[in-house]
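Enquirer: So you can see what is in the structure, the chains are spelled out below.
There are 2 protein chains.
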Amino acid sequence: MAGAFGFKGCQKIRGPQIRKLLEAKDFILFDCDGVIWHGETAITGAAKVVSSLIRHGKNVVFVTNNCTRPRENYVHKFYRLGFTDVMLEQIFSSSYCSALYLRDVVKVRGQVFVMGCDGMRRELEEAGISCVEEADEPGATIYDCALAPDVKAVLVGHDDKLTFLKLAKASCYLRDPDCLFLATDNDPWHPLSGGRILPGSGSLTAALEVSSGRKATVIGKPSRFMFECISSQFRGVDPAQCLMIGDRLEVDMLFGSNCGFDTMLTLTGVSQLEEAQEYKDSELTDKHRLVPDYVVDSIADFLSAFEEQEDQEEQSN
Amino acid sequence: MAGAFGFKGCQKIRGPQIRKLLEAKDFILFDCDGVIWHGETAITGAAKVVSSLIRHGKNVVFVTNNCTRPRENYVHKFYRLGFTDVMLEQIFSSSYCSALYLRDVVKVRGQVFVMGCDGMRRELEEAGISCVEEADEPGATIYDCALAPDVKAVLVGHDDKLTFLKLAKASCYLRDPDCLFLATDNDPWHPLSGGRILPGSGSLTAALEVSSGRKATVIGKPSRFMFECISSQFRGVDPAQCLMIGDRLEVDMLFGSNCGFDTMLTLTGVSQLEEAQEYKDSELTDKHRLVPDYVVDSIADFLSAFEEQEDQEEQSN
Chain S
1 MAGAFGFKGC
11 QKIRGPQIRK
21 LLEAKDFILF
31 DCDGVIWHGE
41 TAITGAAKVV
51 SSLIRHGKNV
61 VFVTNNCTRP
71 RENYVHKFYR
81 LGFTDVMLEQ
91 IFSSSYCSAL
101 YLRDVVKVRG
111 QVFVMGCDGM
121 RRELEEAGIS
131 CVEEADEPGA
141 TIYDCALAPD
151 VKAVLVGHDD
161 KLTFLKLAKA
171 SCYLRDPDCL
181 FLATDNDPWH
191 PLSGGRILPG
201 SGSLTAALEV
211 SSGRKATVIG
221 KPSRFMFECI
231 SSQFRGVDPA
241 QCLMIGDRLE
251 VDMLFGSNCG
261 FDTMLTLTGV
271 SQLEEAQEYK
281 DSELTDKHRL
291 VPDYVVDSIA
301 DFLSAFEEQE
311 DQEEQSN
Chain U
1 MAGAFGFKGC
11 QKIRGPQIRK
21 LLEAKDFILF
31 DCDGVIWHGE
41 TAITGAAKVV
51 SSLIRHGKNV
61 VFVTNNCTRP
71 RENYVHKFYR
81 LGFTDVMLEQ
91 IFSSSYCSAL
101 YLRDVVKVRG
111 QVFVMGCDGM
121 RRELEEAGIS
131 CVEEADEPGA
141 TIYDCALAPD
151 VKAVLVGHDD
161 KLTFLKLAKA
171 SCYLRDPDCL
181 FLATDNDPWH
191 PLSGGRILPG
201 SGSLTAALEV
211 SSGRKATVIG
221 KPSRFMFECI
231 SSQFRGVDPA
241 QCLMIGDRLE
251 VDMLFGSNCG
261 FDTMLTLTGV
271 SQLEEAQEYK
281 DSELTDKHRL
291 VPDYVVDSIA
301 DFLSAFEEQE
311 DQEEQSN
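As given, the protein sequences belong to chains S and U, one line each in that order.
Counting in full-length UniProt numbering, the first sequence runs from 1 upward without gaps.
Counting in full-length UniProt numbering, the second sequence runs from 1 upward without gaps.
Be aware that one or more of the hints could be misleading.
Said to hold, decoys possible - List of simulated lysine-lysine pairs, DSBU-like, C-alpha gap at most 35 Å: (1) K161(S) <-> K152(U); (2) K107(U) <-> K161(U); (3) K280(S) <-> K215(U); (4) K287(U) <-> K152(S); (5) K12(U) <-> K287(U); (6) K77(S) <-> K58(S); (7) K107(U) <-> K12(U); (8) K12(S) <-> K25(S); (9) K152(U) <-> K215(S); (10) K280(U) <-> K215(S); (11) K25(U) <-> K12(U); (12) K20(S) <-> K58(S); (13) K215(S) <-> K107(U); (14) K287(S) <-> K215(U); (15) K161(S) <-> K215(U); (16) K161(U) <-> K161(S); (17) K215(U) <-> K215(S); (18) K215(S) <-> K25(U); (19) K161(S) <-> K107(S); (20) K280(S) <-> K20(S); (21) K12(S) <-> K280(S); (22) K287(S) <-> K287(U); (23) K12(U) <-> K215(S); (24) K12(S) <-> K215(U); (25) K152(U) <-> K287(S); (26) K161(U) <-> K152(S); (27) K48(S) <-> K58(S); (28) K48(S) <-> K77(S); (29) K77(U) <-> K161(U); (30) K152(S) <-> K215(U); (31) K107(U) <-> K20(U); (32) K58(S) <-> K287(S); (33) K215(U) <-> K152(U); (34) K25(S) <-> K77(S); (35) K215(S) <-> K287(S).
Unchecked claim - Partial list, computed: chain S residues near chain U (C-beta under 7 Å): (36) W37; (37) T41; (38) A168; (39) P199; (40) A207.
None of these hints come from the bench; they were simulated from the model.
Heads up, the beta-carbon is just placed ideally off N, CA and C, and yes, glycines get one too.
Bound conformation, chain S alone (with noise of 0.2 Å):
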């Protein structure tokens, strides 16, 4: 499919490009940060993007490695931002995911030790699985705090209430080789605004890497874990007809690689045109899964394909 268009990947297209490329796909996934949104600022345009998609009968599901809201959590927050036909079957957040992998891939049995927030646990909690207690004592540490004795499986992801002794404890658990070792995502850090930055659930989990000496089973992007999640829920779905758009090459360009997917890159977010190019140029043929088939500065210029294509169907009519 890639480069059907007269496209090699990393070139931008508008308009016509777009319609012809949005009528051959009937699955549109979107990734959320700095593609349909910036925190609690929707990206102009993006939600008639979406509700025009919906309305034109596409599949357009969510896929996002933020791991820190319930799906329920999620709902209200498009709702709030204007994306009001966004329901909660199209929600796959990796807090969501992991807690399919726990509940249906391995099964659990015994607690989950969370190195992360409390929209992980109420994810968790939602699916039945059982997150041991957070509250130490006051004052307690590593060398006399209590650990819980059923743990199978330590999930970290976006923590900002992490401490010394998380992650001793999730070090401690890890020691039993029986005990998972699981991470939402791999992010390794978020944009915010003047500069600054958030560290990722990627960075809490290279920690506990080095401390377990293990290495984390990661569930969001870029593992094709993700799309088994959806593809179990709408079944039947053909990578061919998937179109993922988002915001970073290492993750959401290589997650629609590794699943078979086109894959667009909008400029909205993390990465820009220039990396794109450079791993494009790259003689590591590796680099070449991370450059997108298409690029567009915002998903706001889907707009213009729609109205060209409302325009062909009302003269039709």
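Take the given structure of chain S and dock chain U to it, following the hints.
Expert: Same frame as chain S, but now just chain U:
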């Protein structure tokens, strides 16, 4: 030197062989944790071994990646555990060497942000280096906290008061390419009693390397820098005259190899003889640098060597 007594490395030596080895060396470098003590308990016989070496005119130095104490504190600890003739000048800790690096090698101007413990800050301040004030407003987050304007280095080490905010602030300071990124050491974890473990500086360094997208300069073993500190204090140290004694193959034996020393593994700490043997048998020649030249069960094995020597000395009088 290695194998001069018919051993090709990784073999245990006893009384007379130890005596010959010690006769051939002027500088004896000891790691501390797992070699001369475990926490607050001296390895049986270790104090007597150190005294005897000093009495026999050997230069004895302690080379530790443990960054939690200023050297002054180490002197007190040595004394408390019965090592009554160890002086400040014999102690080379990764905190002390980090201070030397910042002051004398890179001549840092501006403040240092310490993602580590109070002992590190005290050692830096002792060397006249200014550290960023720790305290944050209660409830501060990386979205709204103050960031110091003149941070020219981030130093990571053991930090049992690690918080997410500290990690996030360090990540933000490292966005400035002129801000140096140093780690006291890269030890992944440390053993505690009851099978528990303590994440090491290497674990926190890995977190910060991922969130900053940069690599730290490591001061401690196995980097050669600590030997540079030693040889600038004891002028004219000949590596061929040095014996490095430690309990971790990946840290102490590699440090010895990197510096051109003979190396000795003592089995009172982390690494076991089987692991040394595996490295010796490895087809990866890089791994051979982790193989000790000599192995003892404990440095207390030196005592019989001294006794024999003293017997001989007595007989010849």
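Enquirer: Broken hints, numbered, in rising order?
Expert: 7, 13, 18, 31, 36 and 37
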